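Engineer: Starting from the known structure of chain A, arrange chain B on it as the hints suggest.
Chains as they are written, first to last, in my numbering: chain A, 913 to 1358; chain B, 132 to 566.
Take the hints with a grain of salt, since some may be wrong.
[Stated by the list, open to error] Simulated pairs of lysine-lysine, DSSO-like, Cα-Cα distance not exceeding 30 angstroms: (1) A:Lys1064 <-> B:Lys551; (2) A:Lys1256 <-> B:Lys551; (3) A:Lys941 <-> A:Lys1140; (4) A:Lys1064 <-> B:Lys257; (5) A:Lys1293 <-> A:Lys1222; (6) A:Lys1222 <-> B:Lys346.
[Stated by the list, open to error] Per the computed footprint, the stretches of chain B lying under chain A, defined by three or more beta-carbons under 8 angstroms from a beta-carbon of chain A, are: (7) 151-163; (8) 222-231; (9) 266-272; (10) 365-374; (11) 413-427; (12) 437-451; (13) 483-490.
For the record, the hints were derived by calculation from the structure and aren't laboratory data. Model, not experiment: these values are computed from the prediction. Ideal placement from N, C-alpha and C gives every residue a C-beta, glycine not left out.
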Amino acid sequence: MTLRQLLAVAIIAALTGTAVYAQNYKPLKYTEYTLPNGLQVILHRDNSVPIAATVLHYKVGSRYEDPARTGFAHFFEHLMFEGTDSIPRGGVGDIFQRAGGELNAFTSFDKTVYHVKLPSNGLQLAMWVDAQRMRDLRVDTIGIETQRGVVKEERKQRYDNSPYGVWNEKMFTLLFKGSGYGWTPIGSSQHIDVASLKEFRDFYDQYYVPNNAVLVVSGDFDENEVRKYIDVYYGSRPRGKDIQRPVVAMPAMNGEIRETINDNKAQLPGLFIGYRGVKLGDPDGYAMEMLTDILANGESSRMYRRLVDKEQVAVQASTFPYQLEQAGAIVLVGIAAPGADIAKVENLMYAEIDSVIKNGVTDAEFQKAKNIAEMKFISGKKGVLENALALADAKATFNNTDYVNTEIQNFYRVTKADLQRVAKKYFETKNRVVLTFMPSAEKKKK
Amino acid sequence: MPRFTFPAYSSHTLRNGIRVFIIPDTSQDVAGISVCARYGAIHDTTDGVVGLMMSLLTKGTATKTATDIATAIDAMGTTFRIASGWESSRVSCTMLTEYFEPALRLMGDCILNASFADDEFERQRKQAISDHSFDLSDPGLRASCAFIDTMFAGHTYSHYRTGTVQSLQSLRREECIAAYEQYRSNSEWYIIVTGNVETNHAVQVLDDVFGLLPKSDFVQGRADAPQQRNGMASAFAHNDSSSQSVLMIGQRTIHPSHPDYAGVLLLNTMFGGYFLSRINTILREEKGYTYGAGSYIDTQRSKGCMIVTSASVGEQYTAESIGIILNEWKRLATEQVSDWELTRSSTYVTGTFARSIETPQQLAALFRDAYELGVTPDYHESILRQIAGMTPQALRRIQESHITPGNLVVAASGNRDILKPILLSYGNATEVIPA
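Excised from the complex, chain B in its bound form:
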């Protein structure tokens, strides 16, 4: 296996202390900017306020209307992507290098001088309600609502990050502006630049645009660690005329900075992290019950990381599929893995890293992940080293410590009459109505 290392990058500091990281790539005249702030849905004072505030950044500034901004962005052939997560938010853009400075200055104006005009606020709020109504028809989202509602019951992590129809209707412009003031003045900011840019020039323009932000203290969100689950629980969301059940089954797990994380990553890979994983092999390749079954580690909520399995299965296979997944979860907790399965999944994880350091966008994403986890970019390489040195015996301890089938949440969306009797075997089979 070739040696894979994170590419060279340079680190800079603006006059107000904002960190800037530049990852050069001269293969084409394309550049990328991500302006990131540690400010997200955990700071919501009402469900969806941070998301709505972020969506309004490009809807007018002190000197430009929403139409002016949209016209200028489109004229450069680019898009400003706004991502509002649980604990951080970002505005990013990929553009031809020749538009680096104008795009950056426009982005800065949007982020620093958003105007939140009454008419734009109302329009965007209505749009958010419409978007939310549209999303509610997605069977996967409905299963996710049932799952998250049960996994984090009563905790801020269970609230609707994009808002509910009711919360969005009740939102006032002043609340949105208050969130913006927090975002602008009290977030921890950092900026990632990738691609073919001249470093000194990039830093100079960034300092000119973002160096004016006042230094401030980072405001913590209202996310204390949610309580660990004790025992299994089940829930479902009903879907009219569904022909499949969308299963979502999972447990809480450790944060990526935990010393055992490399082992958990490997276990998840074996369980459902790739095509040859245990559950995909059984449910798809042996049984033909699904187009695909997989699992992933969700680290979006840093104090509530999870291993989550999902699969859309034929309704008639619902009970058996859940039984298979739970049985495999038990096996994962109790049976020592074989050398060959360990080798295969280790190589796959290493290859996955190799395949994800190719484009500037991928590099920015890896860098962002590391930064927000509070580790340096060589974190990924250190995880790979740990994986390469893992033995079945070492993994056994991690299985016993961190795989807990007795605490699973079993959730699904689909036909109520099919799901409820099945899910009663695993808990109260609470019906969640996505709002």
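Excised from the complex, chain A in its bound form:
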């Protein structure tokens, strides 16, 4: 038995934490370069299985939108599956799936990401299609009209027809009001309805250019061949105008904001509490992530033990940091147990936060949080697509691709005192939004 195993046994036996760090992490190897047209390229070879993935990460998300045209970035994600000058409508999916691959995409506040995973013999085809979509997308009325309908149904499914479905839309609107983070990527159906074809075309011409993208190819491939394809397919795409990146100006909050929402779809009262947090890369973000793990990750977490286990007033008590490129939030979620008072759920959550502010965390909790960070870091490095997404994020967000291998060091630098300090600093009432969702019957009782 190694020393570290002995330590692990000691943790179980004594139920105390012991300092152990990941020693055997095998770093991701990659090469990176930039094409003359500005496209940033990362290649990561892993030939353990004959599959490959591509990620094309565009640095445009909902915060780049005109406040009168919200939802554009996400809508464009849908249009990108329509067709190109060389590929007929419906043909994009056909090409990938005929090659045995799966393609998808997602849009967030800061980025729109297109990804493909497929048998490695289809890689050339995937790159050809992605390069087509970069500059030769066909944006026409049929595609726009169809996708308007699809996005409306997506909105209903995710937001309007789900219990508590509108929480994040309301939270971001209230927490980041007056900034580019004050609306969510799904945006407004009305804005999409009234937008003209030219506006869509202009959005595409502005942001879907090689100098606004990071391309990652990951998996089983021959590097010389792939470099050749990249040069031919992507290298021929003309550079676009330099992107003016909107700076998020965040007006100060003038105290707590509270709102109660009548939700007929919810069976139980729900509570969503948001605090302003820190942006990606801020050293406090690592401490906050560890703190939220201590507060509400796992059955030994403080909130689970107190609210779910001991007091039995909640079905769920969780918290998570939400870090963006220029801002951040910390969100607490509590779903009341049947018959329990949602006000008690809220008060107990604050009590647990206050306890950290007053007394800090224990050695065992601190060690647990480090072990969780280590586990997430190492076990997350598995899968050609997952690795490609992480590499693209590191490059696009930090302009530091090796962040994928060094991120864990940021957690190692966090001290116990840091956790108490960030609790004091960020869990402030004046930076807080409290949303309470009440089922109809519950509301009538109150």
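Structural biologist: Okay, now just chain B, sitting in the frame of chain A:
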């Protein structure tokens, strides 16, 4: 297309006959354990008892409290995932390799020495009732209740696997302990280990922990094959203030061990198994009525396998969407598929397999699927070979034999006033109230 094969694995037997399968992967220092037992909801004596019993495994042993266990698990940065299915249950965990042995020993203690203390039983029962109440607000779950209730009416497969509020309230601790004794003593066990572990050491520790389980006879559950449906049926679950109808439409189908299964798998892929499928193409890409429509083969109930279609559609499109799905089902039964559609879906299925043999967790899941179907892991490769050799003519026979639009169950959740008149065209439009 490259050749895809299931990775090499080794097979071992503990002193009491429990089978152990080790699938090595040294790419990172991470390991996974799944301790599986063929014991599930078909053994329920009261709705939800097996699920509740499984959830109590980590809530105390002869020597550790629930808090001790939670603290030890979290200290290793991991989670014990407990899955309780219809015919099998498992406890699994992914951990850094250095914690393999302590995690395994802790898991063994939970599985073999669970204490079911009174206070923990009461707490967990209350929690299960709360969780169930929370789940009842999910429109998809409500549609599923209407669908399953109609598909397996009167059969144990239609009971609430996670219990109802009423059944959970009536459950006694003694019944839970009786279920545990069955689980521990009369299940067929097997264990899958993946990742970067030293094989001899892993087997030695497993033998030390699980080799002590007494040999016993496997107890069959109370699941006889449900009767085949004859004719269409319809049902719905009402949702207050819904803005969409969640459709769930399906038919019974053959077990994966049936010689025609590869053909049914292909037909399902064409119908709703991928983005370019017939129903997604029409309902999403042509009509814009839904964010996505798909279908899948549900094999959780081995004697009641099903092809199930689901889609959340705008309320105003409910009638037309159901009509489109039923029409496509008829086409699937009667029209010979084209060469190009067969080629495209065959390649997609092959690619899907290729994309699902990458991580230790994926491999464990594939291995588990094969084991529980009673086939070897090369089953997946044999299915791929059959698919590669499929012709439209061969598929035609399978369409005629196994696609039966006349026996569909059409179910939905949504607004009663909208759903009921529409569903009356397909059956009694029975209202199901999820409990």
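Engineer: Where does the structure disagree with the numbered hints, that is, which hint numbers, in rising order?
Structural biologist: 2, 4, 5, 6
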